[in-house]
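**Student:** Here's the letter readout for the chains.
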Amino acid sequence: MSDRPNIPVIELQASAISALREVARPVVKNVTWTVAPGEFWVIAGQQHVGKVDLLLTVAGLLPPLAGTCRLFGRDTREFGGADPAERLQVGLVFAGGQLFHQLTLAENIALPVRYHRNLTAPEAERAIGVWLDLLELTPLAHALPADVSLDWLKRAALARALVLQPQVLLCDHPLGGLGTRHRQWWLGFLDQLGRGHEVLGGRPLTIIVTTEDLPPWKAAGRRFALLRDEQFFTYASWAELAASPDPMLHELLTDPPDIEL
Amino acid sequence: MQKKNLATAAAFADTEVLRNAPLPRTWSDYLGRKIFVLLLTLQGLGAFSLITLGVMLRKRHVAVGVIHPRIRQEIHRSGVAMVPMFILVALGLGFLVVGQTVSALTKVGAMDYFSSTMVIVVVRELGPLLTAMLLLARVGAAHVIELGTARALGEVEALEALGIDPVHYLIVPRVLGMMAGMFCLTIYLILGALASGYLCAFLQGVDLSPGDYVRQLAGALSWLDFVLLALKTVIFGFVIAVVACYHGLAQPLRIQDVSRVAVRAVTQGVIACVLIDLIFIVLYLLS
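Protein chains in written order, with the working numbering: chain E, 3 to 263; chain P, -7 to 279.
These are computed hints drawn from the structure, not numbers from a lab. Just so you know, these numbers come straight off a predicted model, no measurement behind them. Backbone N, C-alpha and C fix where the C-beta goes; we use that ideal spot for every residue, glycine too. Some hints here could point you the wrong way.
[Said to hold, decoys possible] With a Cα cut of at most 25 Å, we get these calculated SDA-like pairs of lysine to any residue:
| id | chain 1 | residue 1 | chain 2 | residue 2 |
| --- | --- | --- | --- | --- |
| 1 | E | 31 | E | 124 |
| 2 | P | 51 | E | 105 |
| 3 | P | 51 | E | 77 |
| 4 | P | 51 | E | 125 |
| 5 | P | 51 | E | 31 |
| 6 | P | 51 | E | 175 |
| 7 | P | 26 | P | 250 |
| 8 | P | 51 | E | 249 |
[Stated by the list, open to error] To give an idea of the interface, some chain E residues facing chain P are shown, with a C-beta separation under 7 Å as derived from the structure:
| id | residue |
| --- | --- |
| 9 | 23 |
| 10 | 43 |
| 11 | 63 |
| 12 | 90 |
| 13 | 94 |
| 14 | 106 |
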């Protein structure tokens, strides 16, 4: 996969994205989208327009209702439980973290390496140590998800998604519900990952995030997409996005007013 | 083309359209709808059972470092942790059955049938069925609530996103734990009930030495009892676990659906065990 740099990481052609809760209902129609290695995409849209369904489709977890979805050149419809090689190249961070509530944060992060590399618990503990330190999770390693705030749950979910060293990172609402310090940390860390972090061997990660609030994502080199009325629109840059007359985009681009208490 | 296990199971599990349809106008409509729901549920349970068996065999060497500790954990939960409760139930069952049996048999002067009555009632029927009901209530209900909550909170999608088959990680250990727990606890319950039964008979002044009691029990038991008992307990364990896991995991749930599917799973578990028991009664009668 990484040996074939010319193949798009993700390629959707005339795809209809189905809803997770109602698999037969299309939430986005006729999506044609190509993501090249190392690109940083921001997908904007209001609630319930199918952003998470699009991410699940791209990750190969939800087959498209129509058209094709290719991950590293392979049709995701061919994915089965027995051959998750392409799937493991995609890390997915859900909006609420979706950690396994019976496991501690460290056990949650260690689960993918324990399962796929058949490591014992002490071996896995050593393998995830670097991630716990990097994401400042070491003091909370043995806490259960129910005892930890959303800020740290999302960070643990990010560690769990990155621990297998994927080539693509999908984040659903990474900044949603976070405090200011954590928002800044996420923006900075995702930026480092996009440019190539040493913990991933300096390889730039392909990143796709979803958001309902575009201003924090204004940065050079990022590409944007909008989900609206079951349609998918792409924009090559922030300038193109800002020049669009779309009223929905205008709303998503507007900074929320500061509320002073 | 290979479909994902849970997606395949969910395709068979869609009975909600029928369940949420408007009230039927006639009794025949009502009956027809019930039959449809029953057939769809049977189809879903059958498919889910086959998927579980397939994963159990196909992935028996996959991720043993994670799955084996999970199996041990489930055996502890469905077996070892239940032992104190089962000792109490075994004492109660022995006293209850023997108390009634001794008084009834003494009236008609048929105390020679005491041991064979114990074998028929405790070994063949009450032991396995009571164990199944207790395990269904205490562990099966917990399974469906745990899995239903995990499903509703999106943890199943998170597992799939990590390339971990939810059937392998969540279902297989529970099914194996329930089968092992069901088998062992039935044996403990039967042994406990037979021992406490003798104690009860002794306290009621029945003239029966321990040696004679054991000899009578051994005489009343045949090899078929052992074979069918083992088969019955393993099948009960499998069915209870599959019914609980199917309702908890096989279909997308919202958090408010969890209590409803828990009730449905326990009801269907009881019905399934009773139906299987009827099949075994036929087997005993034929033998």
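**Student:** So which of those numbered hints doesn't the model satisfy?
**Tutor:** Numbers 1, 5, 6, 8, 10, 14 - these are the hints that the structure violates, sorted from lowest upward.
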